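**Student:** Sequence:
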Amino acid sequence: MDTNHRNNVPPCEDDDDIWYWGYSIFVPHIPNTRAYPYVSRIMGPDPKYRFARKFLQYQWPPKTPKGRRFDVELPGDGVYGVGIKRWNADKTLLLERQVYWLLLLDGNEYTIPKWQVLPLVEALRSGTLGA
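Numbering (my numbering) for the sequence shown: 60 to 190.
Hints are computed from structural coordinates only; laboratory data are not their basis. Here the structure is a predicted model, which means the values were calculated and not measured. Fair warning: there could be bad hints in the mix.
Pairs of lysine to aspartate or glutamate residues, derived as EDC-like cross-links and limited to a Cα-Cα distance of at most 16 Å, are as follows [to be verified]:
1) Lys113 to Glu132
2) Lys173 to Asp105
3) Lys144 to Glu155
4) Lys113 to Asp136
Label-pair distances were calculated between CB atoms; the ranges are [what the hints assert, rightly or not]:
5) Leu188 to Asn91: 39 to 49 Å
6) Arg109 to Asn167: 23 to 33 Å
7) Arg127 to Lys107: 29 to 39 Å
8) Lys144 to Pro106: 17 to 27 Å
9) Pro178 to Leu154: 23 to 33 Å
We put the CB at the ideal spot given by N, CA and C, even for glycine.
The whole structure should be built from the sequences, with the hints applied where relevant.
**Tutor:** Structural data, given as structure tokens:
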């Protein structure tokens, strides 16, 4: 399986737009934009949206001059999508969308490519995937 282990490395920084480590997402403040992070557990295939998802809840933290940090508890082993959508100030134009795909297995996080999402969900469901 082609995965990258994420537990013993510093936070992932990609284009200064979304950082994640453990179960936290940091969304930097960019003037005149609105950012909406999300974490979803992938449940299987969906004919319209490609993946059936269960979106996880979180509390909106206080805003700081640099941004916000969202803490999300992942419920257990599974495949997750961690993303952010950034809109213009009046929310009429989607400026950017970033998504990272994670496999949580036995307490370890692995970054996976999008093409591995459904095969890994099926392997977890059938019990053929183990650490």
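**Student:** So, for every hint listed, does it hold in this structure?
**Tutor:** Each hint tested on the structure:
1. Lys113 to Glu132: holds, 13 Å
2. Lys173 to Asp105: holds, 15 Å
3. Lys144 to Glu155: It holds: about 6 Å lies between the C-alpha atoms, which stays within 16 Å.
4. Lys113 to Asp136: This hinted pair holds, its Cα atoms lying about 14 Å apart.
5. Leu188 to Asn91: 39 to 49 Å: holds, 44 Å
6. Arg109 to Asn167: 23 to 33 Å: holds, 26 Å
7. Arg127 to Lys107: 29 to 39 Å: Once the Cβ atoms are compared, 30 Å apart, the range 29 to 39 Å for lysine 107 and arginine 127 holds.
8. Lys144 to Pro106: 17 to 27 Å: holds, 22 Å
9. Pro178 to Leu154: 23 to 33 Å: For proline 178 and leucine 154 the Cβ distance comes to about 32 Å; the hint holds.
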